[in-house]
Amino acid sequence: MKQDEGRGPQENTELYRAAMDHLRLPEDFEQRTLELAKKRMEQEQEKQAAKDVWRAKPFHRRPAAQVCFALLLLLVVGVFPVLYLTQPSLSTQATDAAVMQYDAAGGNGGLDGGAEAGEAEPEAGEPEAALTAGNPAEDRMDEGCIPEAAFLGGAADGEVEEQASISSQDAAVEKQVQDTASSGAVPPDTGTPTANSSCAPQVFQEENPMPVQEGAGGSEAMDQSPTPGVMLRSTPEDAGQALFSADGGTLYFQPDPSSENGGKLMVWDGTTLSDTGVSNADSLLAANGGYSYTSENKLYHGTSLVRDFSGEALLGTSSFTLRVFGADSGYLYLFANNSNPSSGSDAPYAILRVTPDGTTEQILFTATGGSTGGKITQALLAENGVIYFSTEDGFYALPASGGQPRRLTANYTSVPFYLWEGELFFIDAQSNLCAVQTNGGGARKLVDGRVLYQPAVSGGIVYYTLAASDASASNAIYAFDLSTGDNRLVLTNTAGGADDFCQLLPAPDGLFLAKASGEIFHFQSETGALTKIS
Amino acid sequence: MEQKEQAEFTELLQKYSSMVLRIAFSNVKNLQDAQDIAQEVFISVLTKRPQFDSEEHEKAWLIRVTINRCKNHVKSFWNRHTEGLSEDLSYLPKEETGVMQAVLALPQNYRNVIHLHYYEGYSINEIAELLHKKPATVGTWLARGRAALKKSLKGGFDE
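Heads up: the sequence lines are chains S and W, in that order. First residue of the first sequence? That's 1 in my numbering, and the numbers climb one at a time after it. First residue of the second sequence? That's 1001 in my numbering, and the numbers climb one at a time after it.
Extracted from the complex, chain S is given alone in its bound form (with noise of 0.2 Å):
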């Protein structure tokens, strides 16, 4: 396929020479590789300093050769006896031999001389019986617990089938919790070691199917220093989707418009549930020890409306709808994006910032289709700027005060992104959960050979669960520690169905999870608690 059409063979290899340009060297390339040359020297030098001693000593003193003479010693001393004595063949005919010379002897004592035979049995059967009841696999499996094995790849399907079976009902619900619990079938997570107060705020929406909620730092983090959340609905082409936003322990939700409360705005303050009376927001950001949201492209902070819209010129003569993303001690951030749903690649958006008052507005970008633009389907506010994801370009960094957005990856995501101490976290493409760095180097794939589905990340901790294709999916969540690379399951759902938790959601001890039906639990990963919200 062509690309580039109308450049000449000069401006290619301009091109070329322009890209290759903008390749860097980290800048403390000369002090890490002089202090790495330090090191490699001391290690020769002494890598050499311990051959010559080795060299030195005579050979009978050297200690590889005396471990090989031990262990020669051992196989001719021990090991030829013991497998004469485990060789059954060898055993049953000197017994039988025994019983025989006893019977011809003319002996009466059958049963003594069949007793002394028999001892000779057991003795003889004591080393394959034990070999047989010490297979501590075997014992695990029948016990029903489950094995890393069992997440890494088949699953254990006894348990997996006996807590779907008791799945689909909410009572049901909480004793699978209590069980899991107690069995420790499921090991609870145990925290966030590699939490950071200091962690860049992150916003988290959805694009297909799910929402997107922002993410926080560790759960200690969370509760020292509550980062804003936002789930922003995405594109128009999901509507119907739940919204979410979660500050501290904070949750604030609103639910699918065709659910029991007809899409009320919810607001859960960790123990109890109340109605904010609002309805029908396009998307919703826990901000500013309160919620702000948008609806028909208007900016409210509870109740209150921050800012009318509606009759702006954001994207020129073009329609939009507007969302909130972010929020930091001096603005609210919010893109405006085409809302014809049939809008691609020349569909105009922008993103722009606004005073908490709504009297001060300042557009960051704009992307006038063409050669830039698409959609939106999310942003997050990171430390310096905004990361956003265009649905025909891949992922930008925009800086804070505006400007020309850098692309940082063209992959594709269709699942929540986050971020991390500086770090991008997405699914990509192929359903892998890869990281790259805010300034679009240090590309890395995490978890590999797994179709990942719906990721949060918090406090170090990437939870996920795995996509119906996955032969081992059985709806069941997984924990990967960014610091130690472990990977474990922390909750095995009850319901039955692969997509019944859609939406994981990170909170400061855990995770909120949303059911395609609309109902939200709170999972408490120290204790293994799972409560429902709604």
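Since the hints were made in silico from the structure, they are not lab data. Quick caveat, the model's predicted, so the values are computed rather than measured. Misleading hints may appear alongside valid ones.
What the hints assert, rightly or not - As a list, the in silico DSSO-like pairs of lysine-lysine whose alpha-carbon atoms are at most 30 Å apart:
| hint | chain 1 | residue 1 | chain 2 | residue 2 |
| --- | --- | --- | --- | --- |
| 1 | W | 1015 | W | 1071 |
| 2 | S | 39 | W | 1015 |
| 3 | W | 1154 | S | 39 |
| 4 | S | 38 | W | 1134 |
| 5 | S | 47 | W | 1075 |
Given the structure of chain S, go ahead and fit chain W onto it with the hints provided.
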């Protein structure tokens, strides 16, 4: 390490670090790996302390070592059993990304020759000497590389 040695090393870095990084990148197609390889190359300068007859000799040694390290990297067990992200170049401006991706899609031998010729400015004979290949082989690689680029990029690279 003596101060004089350190100053010489700093000078070496300033002169050749970008070149080494570019060559490594054109081979391994990943900035992080290229940076690691560049670091290994300069560490080997410090630890092996090779003696150079001239500046050209020094430059040629660095290029040769860089390419060898890249080949080792590509052949390594880790690299063969993991799959890198192919889009880690896309932070570049869009137009440049297209050209870069076209070059990086070439086989490694063609890529090396194209880079050394079009970016570093080496002639076919010089490249042949650097790569320990016959000039005819290098010429063939260059021609095939250009032909492949013509297919993927309108206009290709100039002759």
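So, going through the hints one by one against the coordinates:
1. W:1015 to W:1071: 23 Å, holds
2. S:39 to W:1015: 24 Å, holds
3. W:1154 to S:39: 49 Å, violated
4. S:38 to W:1134: Violated: residue 38 (chain S) and residue 1134 (chain W) sit about 39 Å apart, past 30 Å.
5. S:47 to W:1075: Roughly 27 Å between the alpha carbons, so the hint for residue 47 (chain S) and residue 1075 (chain W) holds.
In the structure shown, a violation is registered for the earlier hints numbered 3, 4, in ascending order.
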